[in-house]
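Enquirer: Okay, here's what each chain looks like letter by letter:
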Amino acid sequence: MATKPLIQARQVIKNYDDFRAVDGVDFTVQPGECFGFLGPNGAGKSTLMKMIYCCSPRGGGELSIFGQDPDKSPAQIKNRMGVVAQTDNLDEDVNVTQNLQIYGGYFGIPRKTLNEKIQELLAFMALEAKATAGIRELSGGMKRRLVIARALLNDPDLIILDEPTTGLDPQVRHLIWAKMRELKAKGVTILLTTHYMEEAHELCDRLLVMDKGKVLAMGKPDELVKNNLPAYVLELPGIKKEEVPLTGTLQVELHGDKLFVFAAAPSELEKVALQFKGQLRIRTTGLEDLFLKLTGRDLHESE
Amino acid sequence: MNPNNPRPVPGFFRLVGAVWYRHYRVYQNHFTTNSFPTVIEPLILMLSFGWGLAQVVGNSMGGLDYLSFIAPAQAMMAAVYTSAFDESYGTYFRMMVDHNYDAMLSTPVSVSEVFWGELLYTGTKGAFFSAVVVAVLSCFGIIHSFWAVLVPVVGFFTAIAFGSLGLFAARLVKNINQFNFFISGIISPLILFSGTFFSLERMPAGPALVAKVLPLYYFIDVSRMLTTGHFTDDLYIAIPYMVTVPLVMGFFAVRNMKAKLVQ
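If you read the sequences in order, they're chains A and B. Residues in the first sequence are numbered consecutively from 1, following the working numbering. Residues in the second sequence are numbered consecutively from 1001, following the working numbering.
It should be emphasised that the hints constitute simulated quantities derived from the structure, not laboratory data. Even for Gly, the Cβ is constructed at its ideal location relative to N, Cα and C. Be a bit skeptical, because a hint or two may be false.
Claimed, not checked - Not the full set, but computed from the structure, chain B residues with beta-carbon under 7 Å of chain A:
1) 1014
2) 1018
3) 1099
4) 1109
5) 1255
6) 1256
7) 1259
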């Protein structure tokens, strides 16, 4: 691609005392892309996000955002960025509009422009009716939408969303996804961490799967699945690995109490399914299967 | 969404102002509740000491009647309490519970701007509350000079000094209970041994010297000159001390918070 990458990370490292949270991560994000980070809790995703929004200096490697070094020009970088952190860190003692007015001040947005922008964003996030509501009166979904609206005050070129829809109901989640797609259509670059494979699939052009601070896989969601897993899977609850004879392209993975049998063709799985009557469910493989395959084993080992 | 003409990054003072405004706006709602002790405590103290201790003490504190002697100290105590609490408990909650700093720091605001903004705000409160105390006490006829209108300036610097101490405490504590060490171990002794309720001449020379070096003595000393109109040569030490010490303390307090928040 001819365009200059918006984010470029080469061998990025982050140490906390003797714990290495991010361990030599490489990736680039192109302008206009929606780039997702997947990984179990403690994989280093949030730390990486913090390094990108200049709140955590890196321990090694190279990192540039908008072609600038976060150690040297944090204010310049953050000026063009909108951040939605994991916690709703709103000012609880003032109302919705005042929250946005205060935050707009941090970008030095002139009062008149700011007030117009606030009206626009309240409408955009469907919060107009709550303009003068107190923060404690808002539901979890409304708070989240407000935090997102707040992150858009400065017309950012890049939005960072750290688990934006965790704990929200499906309606709000779909609303947020729709808004993210609208922003993307306007050319805004989006960086996202999530635990929801559906969300990753809905929004992300490319994904990076990480665990224990390292990159496990990276690519377009469908290609990632295709390159790492056979096309079909059969789920067998309560069946042990030894009970399935590994013939043809068959592969097995055990997650929790469920055995996942993978194969290139459904016909192979049908044969296995016949063996365990009444429990068969054959489907195409997806991101969740990939995620479990890449990160699940480690979880078992550490438990 | 306009990469060719990005909005310029706001300068240091603009951002400090934005943080100041945040605190002003957010804590305005609790203004009445927080002002109550500032107004009521000097009144109670006046009544209590006026009926009791003042009559025993007479004019033994540098020739002043006792209520006139402690009046300026009360204005400074108001500044000390508001700033020490705001920047210790308040900072701790903003940092660990409400995550307000995370929100600020993901904008062009940096750690220095966050905490200089806070110190400026706490200074403003210190100025305001010491003004309130002077106004209240003037009704008792124990403010003797027009110079007293400058007491809020001293209150401003006092609050920055004690706000900085509060920031150090907020950085060091592992949980809020440990603030007891800060309040009872540092703030209370500073208040009691800084020429607040008795003249330092009555203390042994060594401890008196220590008390003079520590923050608060000179702030009270200057305030007393302003409320009595009786100026001494101390002024030449007190004025530079009053301006420099809070700024130096603030500088180190802010630097200290940087180490805590940027990890």
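Enquirer: All the hints need checking, so say for each whether the structure fits it.
Expert: Hints, verified against the model:
1. 1014: 5 Å, holds
2. 1018: With a closest approach of 4 Å, the residue 1018 of chain B hint holds.
3. 1099: It holds, given that the least Cβ distance between residue 1099 of chain B and chain A is near 4 Å, below 7 Å.
4. 1109: 5 Å, holds
5. 1255: Violated. Min distance 15 Å.
6. 1256: This hint is violated: residue 1256 of chain B lies away from chain A, its Cβ roughly 17 Å from the closest one there, beyond 7 Å.
7. 1259: At 11 Å from the nearest chain A Cβ, residue 1259 of chain B fails the 7 Å test, so the hint is violated.
Hint compliance for this structure: hints 5, 6 and 7 are broken, all remaining hints hold.
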